[in-house]
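Sequence order for the protein chains is A and B. Under full-length UniProt numbering, the first residue of the first sequence carries the number 1, and numbering increases by one thereafter. Under full-length UniProt numbering, the first residue of the second sequence carries the number 1, and numbering increases by one thereafter.
Hint data in this document are derived by calculation from the structure and do not stem from the laboratory. Since the model is a prediction, treat every value here as computed from it, not as a measurement. Mixed in with the good hints there might be a few duds.
Derived coverage of chain B by chain A (criterion: at least 3 residues anywhere in the stretch with Cβ under 8 angstroms from a Cβ of chain A; other residues may be distant) [what the hints assert, rightly or not]:
(1) 88 to 100
(2) 114 to 123
(3) 245 to 257
(4) 261 to 273
(5) 282 to 294
(6) 342 to 355
Here's a subset of chain B near chain A, in silico, CB distances under 8 angstroms, partners left out [what the hints assert, rightly or not]:
(7) Ser242
(8) Pro276
(9) Leu373
Computed list of chain A residues with no C-beta within reach of chain B, every gap over 12 angstroms [unchecked claim]:
(10) Arg21
(11) Ala75
(12) His94
(13) Met109
(14) Tyr116
(15) Thr119
(16) Thr124
(17) Gly182
(18) Glu248
(19) Arg266
(20) Gly286
(21) Leu289
(22) Glu290
(23) Leu292
(24) Ala297
The beta-carbon is built from N, C-alpha and C at its ideal position, and this holds for glycine as well.
2 protein chains.
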Amino acid sequence: MQMPSGVHALVRRTHEERVMRALQENGAMSRGEIARVVGLSRTTLSEITGNLLQRGAIVVVDTDASRREGSGRPAERLALDPASAQFMGVDFGHRRVHVVVADASHEIMVSGSVRYEDTATWKTRTELALELVDRLSSEAGVHYGALQGIGIGVPGPYPAPEGAAWPRATAGTTVLRPAPEGVDVAFAERFDAPVIVDNNTRLAALAEAISGADSVADLVYVRLSDGVGGGLVVGGQLVTGSSGLAGELGHVTVEPAGRPCRCGKRGCLETVASVPGILAACWEFGLRLENLDDLAAAVRRAHPVADRVLREAAGALGRVVGAATMMLNPAKVVIGGEITRLAPVLVEQVAATLAAEIFPTASAGPVVAAARLSDDDGAIGALAAVFHSSPLLARYPETAEVKGRSDAPDSATEGAAHVRP
Amino acid sequence: MQMPSGVHALVRRTHEERVMRALQENGAMSRGEIARVVGLSRTTLSEITGNLLQRGAIVVVDTDASRREGSGRPAERLALDPASAQFMGVDFGHRRVHVVVADASHEIMVSGSVRYEDTATWKTRTELALELVDRLSSEAGVHYGALQGIGIGVPGPYPAPEGAAWPRATAGTTVLRPAPEGVDVAFAERFDAPVIVDNNTRLAALAEAISGADSVADLVYVRLSDGVGGGLVVGGQLVTGSSGLAGELGHVTVEPAGRPCRCGKRGCLETVASVPGILAACWEFGLRLENLDDLAAAVRRAHPVADRVLREAAGALGRVVGAATMMLNPAKVVIGGEITRLAPVLVEQVAATLAAEIFPTASAGPVVAAARLSDDDGAIGALAAVFHSSPLLARYPETAEVKGRSDAPDSATEGAAHVRP
Chain A
1 MQMPSGVHAL VRRTHEERVM RALQENGAMS RGEIARVVGL SRTTLSEITG
51 NLLQRGAIVV VDTDASRREG SGRPAERLAL DPASAQFMGV DFGHRRVHVV
101 VADASHEIMV SGSVRYEDTA TWKTRTELAL ELVDRLSSEA GVHYGALQGI
151 GIGVPGPYPA PEGAAWPRAT AGTTVLRPAP EGVDVAFAER FDAPVIVDNN
201 TRLAALAEAI SGADSVADLV YVRLSDGVGG GLVVGGQLVT GSSGLAGELG
251 HVTVEPAGRP CRCGKRGCLE TVASVPGILA ACWEFGLRLE NLDDLAAAVR
301 RAHPVADRVL REAAGALGRV VGAATMMLNP AKVVIGGEIT RLAPVLVEQV
351 AATLAAEIFP TASAGPVVAA ARLSDDDGAI GALAAVFHSS PLLARYPETA
401 EVKGRSDAPD SATEGAAHVR P
Chain B
1 MQMPSGVHAL VRRTHEERVM RALQENGAMS RGEIARVVGL SRTTLSEITG
51 NLLQRGAIVV VDTDASRREG SGRPAERLAL DPASAQFMGV DFGHRRVHVV
101 VADASHEIMV SGSVRYEDTA TWKTRTELAL ELVDRLSSEA GVHYGALQGI
151 GIGVPGPYPA PEGAAWPRAT AGTTVLRPAP EGVDVAFAER FDAPVIVDNN
201 TRLAALAEAI SGADSVADLV YVRLSDGVGG GLVVGGQLVT GSSGLAGELG
251 HVTVEPAGRP CRCGKRGCLE TVASVPGILA ACWEFGLRLE NLDDLAAAVR
301 RAHPVADRVL REAAGALGRV VGAATMMLNP AKVVIGGEIT RLAPVLVEQV
351 AATLAAEIFP TASAGPVVAA ARLSDDDGAI GALAAVFHSS PLLARYPETA
401 EVKGRSDAPD SATEGAAHVR P
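Whole structure, please, built from the sequences with the hints as guidance.
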C-alpha cells in the first residue's frame, strides 16, 4: 500500500524523534538497548540509526566491550554527538551548592561544590554558584559554549506561597516553581540558556526513577526530613500538576482530628511521619529524644517506644503510598531521608502496610525500597530533569543566542568526582 | 552562533513533530491556536507550518469564518490531510456497541450503534460490531483504506484477574488491558491496524479532559455505578501504570474496618460510594430503596436518610479525591455515573469535602464538576485514545499492510449523528 502523506510523515518523524529523545534521556546506548527502549524491531531501528548517522545527527562513541559480560561480539554504542551540547545541574542545599556539567552523551565533564552559611542570602548563594561554575570550567579547561539547558534544584518552597499557577520567569526560561530571589534569572542571563527550577525532592524522585540499570517509568517518592516531601514519576515524566503543586504526599490527611500542621490543616502525614513529628510522638510516650542521633541510638537498643512510634509513622505513610499505588500503579515506591538509613523498620513497615492496602494479588505490588541516592545527590536530579525535559528543548530556539562567556577567577574546588547519572 | 548538529536537529524535528502531534490530537486548528497549544511564537510557527504545507504533510482545510465572533479577518485552519487516514472508536457496553470513524482532521465520517442482549457472548458482540462497521461504510459510501488505529472500550475487567502485567496481544496490536475473548485480535486482523483496548472508564476520563473548549491536561475522573471506577489524565496523557492497573480510586481504603469489598479487601471507597453501596447504607438506616429510580424519588422528596447517606458517600469520595489532588494537582475533578445527575448533592458534597482536604489556599483547588459526556459517549473516548496515543502511531509500521476490505451486507443502522469529539 501507499502510505498516506500526512500520517506517514508523522510516523517516520516520530520514529527518528523517539530514537534521538532516547539518546538525549539515557546517554550512549547500543542499538539493542535503543530498540528495547523505543519499542522498535532491530530491522526498523537499523534503518533509522543508519539514516541519523549519515546525517551526523548521532555518532558512534565506543563499544560496550568493557561493560559487557560473556564473549559475544562487542556492540557499538551510539549517542548524540557529545561535543554538540552541554547540560548543567545545580543543587542548592541549606549549606552548600553542588554543580555538575555533562555533555550530550551524558558523560560528566566537571563537578564540584562550595559551602556557605545557612544564613547566606540567595544573592550570595547565586554568586558563589556562578563563581564555582567558572572555576570548574577554568580548572578542567572545558567550555560551556553550547549549553542547552540548566536544571536548578532548590529547597521546596513551603507551603505553596500563593497557591496558584506559578509565574514563568523571563522569556526563555521555563520555571516550574518560583525560584528564590531570581536565581533562575541569574543563570538564564549568565548563560542565555533555558532554566528549569524545581524543588530538590521532585528532582530526587526523577533521579531515583532513572538511576541504575533497573530504571522505572512509574515511581512514587517520599522523603522524610524536617517535613515530608514527595515526587511522582508517571509514564517516565516528572509530574508537576496543573499549577506546579503535585507531589505533596506529606499533606494528605491521615488523622482528621490530628495535630495542627504548619500548612494550616490538621493531621497531615507530615505531622506524624516527619522527623520532628516522630520525635514529638516519642516525647508524648515519655521517650525524650532531641535529634536524629538520639533516635538512632534508641533504635539500636530496640527501645519499644521508638519502635512503636516509627511503626505508626510508617503505617500512616504506608496508607498514603497505598492510596497512591491504587491510583498510579507504580513499579517502585522509594522512601528517602537520612532517617530511613538509621531506622530500617520504617521501610519494612511501609512495605507491610502497603501490601494490605492494595489488591490482594501480591504480584501487582510495587517494590518498596530506601532511596539509592543520598540527599547530597540533588545535582544529578537537576541534570536528569534537563535531559528529560522535552518542553525545555522544544522551547530553546525561542531564546536569544548564546552570549560570550566571561572568564572567572581561579580557586579551590571541592570534590570533582565523575559520576554517571 | 552555529547550532550543534545533534541537538539542533533534535530541536527542529521536535518542533515539527509537536505541530503535527497537536493536529493529530486536536484536529483542525488555526495558526494562532497551534502556536498557543505548542508554545511557540507566531514567527517560529509560521516557518514550521510553511515548511510542512510545502511538503504536503499538512493542508489548509477551511477558514474559521463560520465559527469566529467579531469582524477580524478569518484565519485559515490547518490539519493533517483529512483523506490521509481514518481512525475508529468502538465502545462495548453491557447491551450495545457504538462505533465512530473519523478522518485525520477529526471530522466524524460515520457513526452508529447496534444492540445486543446482555447475555450475548463476546464472539457475538464482536461479530455484530464488525457487521456494523461494514454497514456504516456501505451506507455512507466511505472506505477505511487508510485506517491508522482502532480504540476499543470495554467494561472494566474487575478486579484485575491476574494482577500482573497485561499481555500484549498479537504483533501490531497495543493492548493496555486484556481484551475479552479476542475482540482486539478480531479487529486487528480484520483491519490490520493497531488496536488499543482500555476500559470505558479510563477512556471516559480522557474524553472528559479533552472535550469542550476548556480542555485540561490534568484531570481526576471517578464514575459511580455498580462499582466505582476511575481514570487519571496527567500531563495530557492517560495514566496506565506499570502494569495497566492505574486509576483504581474505587479501591482506596476509606474505612479500615468497613464492609468487605468484592476485591478481597475491606472498606474500599466502592463499598460506600457505589450505587449498591449507597442503597445498602439506606437500608441499614431503614430506607428501603430497590434501585436508582427509588433513590431519585427519595432525593426529590428530600428524605433525610437519603441525604445523609449520599453526603457520607460523597465525603468518603471527597477524601479520596482530596488525596489524589494533593498528589497530582489536577485542574479538574469530574464525577460521572447516572447517579450524579439524579443526586446533585453528591458533587456539591465532594467539592465541600475536597476543599477541606487540600492546602487552605482556595485558589489552588481544582474545579469539581459532574461529567459532561454521558455513559453512552464511550466511543468518543476510544477515538480520543487513538488520537492521543503516540506509542500506537510510533509502532504502526511494525504491522503488516492493510488488507483488502470485504464488502458487507446492507441493513438498518441506528443514530448516525455527526459529532466532534
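| Violations among the numbered hints, reported as their numbers in ascending order | 1, 2, 5, 6, 8, 9, 10, 18, 19
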